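Protein chains in written order, with my numbering: chain A, 1 to 87; chain B, 1 to 291; chain C, 1 to 160; chain D, 1 to 764.
Note that these hints are calculated values from the structure, not bench results. Bear in mind that the values here come from a model prediction, so they are computed numbers and not experimental data. Be aware that a few hints might be false.
Per the computed footprint, the stretches of chain D lying under chain A, defined by three or more beta-carbons under 8 angstroms from a beta-carbon of chain A, are [to be verified]:
no., stretch
1, 191 to 199
2, 428 to 435
Residues on chain D that point at chain B, a partial pick, calculated with CB under 8 angstroms [said to hold, decoys possible]:
no., residue
3, 137
4, 628
5, 633
6, 673
7, 681
8, 686
9, 690
10, 696
11, 699
12, 702
13, 754
14, 757
Glycine is no exception: its CB is placed at the ideal position from the N, C-alpha and C atoms.
What follows is each chain in one-letter form.
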Amino acid sequence: MAIVHIPALLHSLTGDVRKLEVEGRTVGDLIDQLELLYPGIRDRLVENGHLRSGLAIFVDGMVRREALEFEVPPQSEVLFVPAVAGG
Amino acid sequence: MQAFDYVAPKSLSEAVSLLEQKGERARILSGGTDLIVQVRENRRDLDLIVDGKKIAELMELSFDSQSGLTLGACVPCVRFYEDARISQLYPGLNDAALLIGGTQIQNRASFGGNLCNSSPAADSIPALIAHSAVCLIAGSGGTHTVAVEDFCTGPGRNVLGPKELLVSFHIPPPPKHFGAHYLRFIPRNEMDIAVVGCGASLEMESDLRTVKKARVSLGAVAPTPLLVAEAAAELEGRELDGGAIEKAAAAARAAARPITDMRGTEEYRVHLAGVLTRRALEKSLERAKEE
Amino acid sequence: MAAKVHVTATINGEPVEFLCEPRQSLLEVLRDELKLTGSKEGCNNGNCGACSVILDGLLVDACIVLGAEIDGCTVETIEGLMGPEGLHPLQQTFLENAALQCGVCTPGFIMAGKALLEKKPQATEGDIRHWCAGNLCRCTGYDKIVRAIIDAEPQLEVKK
Amino acid sequence: MNPTQTMDPAKTEVEQKYKVIGTRPIRHDGVDKVTGRAVYGADVQLPGMLHGKVLRSPHAHARVKSVNTEKAEALYGVKAVMTAADFPDAGSRTANLGELGEVPLKPMCDNVMASDKVVYHGHAVAAVAATSPHIAEEALKLIEVEYEVLPPVMDVLKAMEEDSPLLHDDLYTDELGEKSSKPSNVASHSRHVLGDINQGFAAADHILEREYRCATVHQGYIEPHAATAMWNPDGYLTMWVTTQGAFTVRTSVHQILEIPVSKLKVIPTEIGGGFGGKIPVYGEPVAAVLSRKARRPVKVVMDRTEVFQATGPTSGSYVKLKMGVTNEGRITAAETMLAYEAGGYPGSVVSLGGICMFAPYNVENLTIDMYDVVVNKPKTAAYRAPGAPNSEFAAECMIDEFCEILDMDPMEFRLKNGAKEGDIQCHGIPHPRIGCLETTEAARDCEHYQTPLEGPNRGRGVASGYWVNAGLTSSVTARLNGDGTVTLQEGSTDIGGTRTSIAMQLAEVLGIPVEDVVPSVADTDSVGYTEVTGGSRVTFATGWAAYNAGQSIRSQLIEQAAAIWKVDKDQVSLADGVIATTNGDSKSISIKELAADLSQKGIDIGSRETVTPQNHGGAYATHIVDVEVDPDTGKVTILRYTAVQDAGRAIHPSYVEGQMQGGVVQGIGWALNEEYYYNEDGHLMNSSFLDYRMPTSLDLPMIETIIVEVPNPGHPYGVRGVGEVPIVPPQAAVSNAIARAVGTRLGDLPMSPQRVVKALSAKS
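Please construct the entire structure, taking both the sequences and the accompanying hints into account.
Quick look at the structure:
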């Protein structure tokens with residue numbers, strides 16, 4: 001189980017559920033579970049089988065470049081954050 | 001940059017004959033701080049650059065208590081303000097010389113180049129007007145004179161014929177109880193083009209309160225630098241108090257007809273014309289009293 | 001194309017002869033013809049001071065002097081500053097004060113500092129700020145540059 | 001003049017602990033740079049080299065109907081002419097931007113040289129290589145371009161209007177994967193939400209709602225962009241480039257030109273400033289194509305006008321902000337809309353503006369909406385703490401207004417609401433160990449703040465700032481020489497003395513003088529992948545790679561000495577440059593002696609390290625400024641300035657101070673005078689250092705600095721990035737100071753003299 005935070009723009013899809021516990025080995029699995037709960041949410045997070053460009057996966061505060069393949073430790077907090085370029 | 005030829009004549013007659021041959025395709029080079037940049041940026045199209053800095057008359061800087069100041073057209077600002085005697089006698093010109101560009105520019109730029117460039121915002125022109133400077137112009141037909149306030153005819157345009165050149169400025173020796181000042185407003189403290197510039201001179205009666213003669217000039221508020229006679233009229237023969245200064249400032253604001261551009265809005269420039277006129281007159285009076 | 005001009009000058013104490021097109025600036029001549037690339041082009045219109053050199057004792061922007069104009073003149077550039085005893089005091093104090101970050105304005109500032117201290121050996125902070133207003137630096141905020149020039153003053157006094 | 005000071009409660013401990021860190025050695029590249037010998041971008045000269053020049057659009061928005069280069073090609077001395085048609089078709093190819101994912105390649109190609117449309121004044125449309133720069137310029141005049149001029153869109157709010165002219169017919173608003181039904185200038189909308197905004201406002205005693213605007217400003221580096229390319233007939237391309245990231249240039253040129261990375265070497269020259277603006281490519285692919293066509297090396301150097309017209313700038317922006325506070329001065333809610341100009345193609349830094357905006361405070365109820373909007377201005381680039389000054393300016397101005405309403409000391413307000421470890425940031429991630437409160441305390445207690453400011457028309461302003469910093473990938477290669485010195489090749493281009501701050505970390509590990517480390521910036525064939533010099537990351541991340549290299553060399557030396565002495569390596573230590581046994585038999589050898597011995601034996605000691613650290617920590621600053629306003633002219637004079645900042649650990653304090661001072665002065669320029677001035681046709685009117693008014697030395701006092709050190713637990717020496725955050729507070733600090741001086745608040749940047757006069761007359 002991991003705690004997944006739903007991006008603000010998708011709160012309308014989840015009926016304003018902002019975070020929830022979801023079962024899954026990888027981030028991709030978590031998204032599959034979310035899709036079962038909230039149909040349509042996967043297409044907002046995933047594009048052509050990859051994490052949508054402009055998004056980054058944070059697990060327990062760390063960026064995980066493995067993205068959908070990243071194996072999520074139990075009880076970790078997973079966030080989808082707009083990726084940012086440095087200067 | 002386009003190609004051109006370069007000549008550095010040693011005499012005025014040589015320079016005049018070069019201008020006769022090339023006419024508008026030739027241009028006198030003084031400090032080059034405007035001219036070289038304009039040619040490089042395709043704002044001026046030339047075949048020949050005539051360097052004036054080897055010509056004695058264009059490099060003369062002298063003062064005579066009878067005839068006053070002779071300031072050659074190509075004399076750089078640095079020579080003016082480093083001449084302790086002359087710079088003290090013509091304080092408004094000295095203010096301008098110390099303001100134009102930064103150190104590097106002042107070591108090259110000249111009053112003559114500044115005038116011939118005829119920018120409405122030129123720093124030296126209102127100062128020259130305040131000091132009643134007269135231009136000596138040479139051409140194939142000989143020489144003639146024009147008051148500085150009558151020299152510019154529009155942005156970048158002036159009375160010089162295509163085959164004429166500016167030789168020097170002539171300014172009478174300062175009278176007794178005389179003070180002058182030039183100042184400008186810029187957003188930074190150096191290295192800017194004036195948003196508004198203002199020159200003033202005052203000749204006071206011996207009571208040091210009554211104005212005998214006044215001149216007020218403005219830059220960057222019209223297509224050419226202006227001599228604001230209406231401002232002087234508010235002052236001459238009157239006691240120079242706050243009320244008189246405010247009237248002169250109002251006359252300056254009324255005379256200003258600026259445009260809005262990247263350096264300032266029309267409204268702001270009119271406002272500044274009043275502020276700077278007041279400050280220029282106050283400083284001129286202070287100098288007249290000091291003298 | 002206009003004929004090239006033959007110019008004889010003294011640059012960093014050495015007699016130099018070159019041919020240049022009249023449209024070439026002193027900066028282009030120094031950098032492209034004489035390979036003295038220490039003077040930098042930041043603006044090419046006399047507004048940044050990165051190409052500051054000393055021409056017949058006066059600080060100028062080499063980008064708005066024509067190469068043809070320096071016939072018979074003496075030019076000092078950053079390359080000529082180091083003496084047989086090593087770095088010039090200003091070069092040393094710029095290093096010690098960390099007065100450079102990217103360093104591209106540094107040659108211009110050092111030449112400006114040299115010209116100032118030759119004229120005014122005990123320049124104050126205000127003198128330096130006024131004199132150097134034609135030299136832009138975008139990295140340092142000028143603080144350490146001003147300190148470096150002040151720090152060089154006693155060393156230049158001793159050298160005299 | 002006021003002395004700079006370092007306030008560090010743990011200073012004595014640090015002095016004992018570190019030999020090299022915290023000292024102020026002379027930088028390794030210093031002599032090159034004070035003698036004019038350092039080779040910058042435009043200084044590259046190769047045999048047979050040609051000079052490239054770029055033809056640029058005189059229009060802000062136009063369709064390119066045709067480009068005829070025949071006459072230019074015929075000019076004597078012209079060796080090659082190119083247009084966008086010489087680039088491989090970008091088609092639907094994408095560019096991989098690492099963490100940013102895949103983005104379409106076409107806008108990147110089109111920005112380098114327009115194919116079908118120009119979207120800003122100065123947009124490149126063709127280029128020429130000739131035997132002299134003057135001939136190349138003459139040839140540009142012979143190129144005939146036919147344009148269909150379109151109405152320009154110059155303002156972010158106008159661009160967002162329904163009926164605004166469109167820059168790109170194929171651009172739709174993206175809201176996390178959901179596309180708008182019709183094309184728009186709004187490229188994307190994103191959002192952060194925390195808590196309940198309505199409850200937050202309900203709990204407030206005071207609510208303010210204001211609008212804030214920032215003009216477009218430029219990074220203003222003194223060295224123009226310069227790139228030299230040599231494309232050999234065997235297909236190998238070598239480039240000499242002034243850039244913040246040699247590997248980034250390699251990737252970009254590889255993608256645009258479809259040249260294999262293995263055939264492309266980028267040699268970074270010295271770089272004359274960047275501040276984010278020397279990350280994108282401009283003339284690099286152009287020089288490469290011209291070189292291929294002319295079969296000679298080609299150098300493309302921009303002039304200052306081109307730099308202003310076509311590179312940089314940072315986003316102009318509109319911010320709408322509503323905040324609520326209690327009578328006790330606690331923030332209860334903040335709701336904001338950020339709209340940033342991206343320039344001609346999508347991709348502003350609005351998301352960074354969103355993340356940073358409230359980071360100095362713990363705000364539990366928060367809504368942030370962010371819009372990325374295209375306008376007919378140059379494609380924006382990063383600029384020092386990109387995105388942060390625009391948004392934090394709004395927040396910091398409004399907080400000062402609250403302080404005035406509440407009659408509360410601005411430092412007290414900041415301490416009351418200040419962010420600390422564990423507080424949740426707007427995107428949901430808790431703050432790590434940060435120095436926000438410590439920085440504010442140091443600012444409150446400093447001599448400047450404790451000294452009253454007196455005199456008419458004078459005021460003191462305070463503002464805080466936050467910047468996220470960055471980690472990213474960095475590499476070094478270190479090799480021990482036979483004389484005991486260490487050659488250190490690193491991948492980060494050095495814009496401000498980082499060769500030394502990196503070398504110091506390696507020297508510290510080995511206990512050798514930093515002068516015994518010889519650092520150099522390597523080309524892309526000679527060191528591991530390294531991300532750009534940006535995000536305040538070089539001393540943090542590349543320094544960490546050097547630290548690891550030092551540790552590796554240290555272990556190797558210990559192993560070698562242990563083998564010589566035939567003892568277990570656990571019984572050997574290295575300290576102060578000496579390897580010694582710890583088992584009591586008193587054997588020791590200096591690194592120099594051991595290096596000579598190993599060199600003799602042909603044993604190579606060295607290390608190759610690549611790191612991608614993440615715990616970069618955020619940087620906080622609080623600034624104090626005293627100003628005097630001339631009420632007649634509106635001119636603002638900076639009387640005194642103090643910048644207080646958490647550096648984590650100041651490796652080389654002089655260069656930390658330098659970053660702080662430089663950032664402050666850029667911020668002051670942004671606050672008071674800098675702006676892009678466009679006329680109604682969308683022409684940039686002030687593309688020179690004369691009319692784009694960056695501060696000169698005469699506009700400033702000394703900039704006092706106070707370095708606070710709250711070590712970053714995410715770095716072996718506690719380093720936090722220092723370069724960017726100092727540009728964040730000045731704009732609001734100056735605005736707040738003006739408000740305190742003359743009683744009028746300015747929310748539009750720049751606060752130019754005419755704006756101040758206008759505000760004063762509106763007040764009276």
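Going down the list of hints, with the structure as the test:
1. 191 to 199: holds (count 3)
2. 428 to 435: holds (count 4)
3. 137: holds (7 angstroms)
4. 628: This hint is violated: residue 628 of chain D lies away from chain B, its Cβ roughly 13 angstroms from the closest one there, beyond 8 angstroms.
5. 633: Residue 633 of chain D check passes; min Cβ-Cβ to chain B is 6 angstroms, inside 8 angstroms.
6. 673: It holds, given that the least Cβ distance between residue 673 of chain D and chain B is near 5 angstroms, below 8 angstroms.
7. 681: Violated, about 14 angstroms.
8. 686: holds (5 angstroms)
9. 690: holds (7 angstroms)
10. 696: holds (6 angstroms)
11. 699: It holds, given that the least Cβ distance between residue 699 of chain D and chain B is near 5 angstroms, below 8 angstroms.
12. 702: This interface hint is violated because 16 angstroms lies over the 8 angstroms limit.
13. 754: Since the shortest Cβ distance to chain B is 4 angstroms, the answer is holds.
14. 757: This hint holds: residue 757 of chain D lies near chain B, its Cβ roughly 6 angstroms from the closest one there, short of 8 angstroms.
In the structure shown, a violation is registered for the earlier hints numbered 4, 7 and 12, in ascending order.
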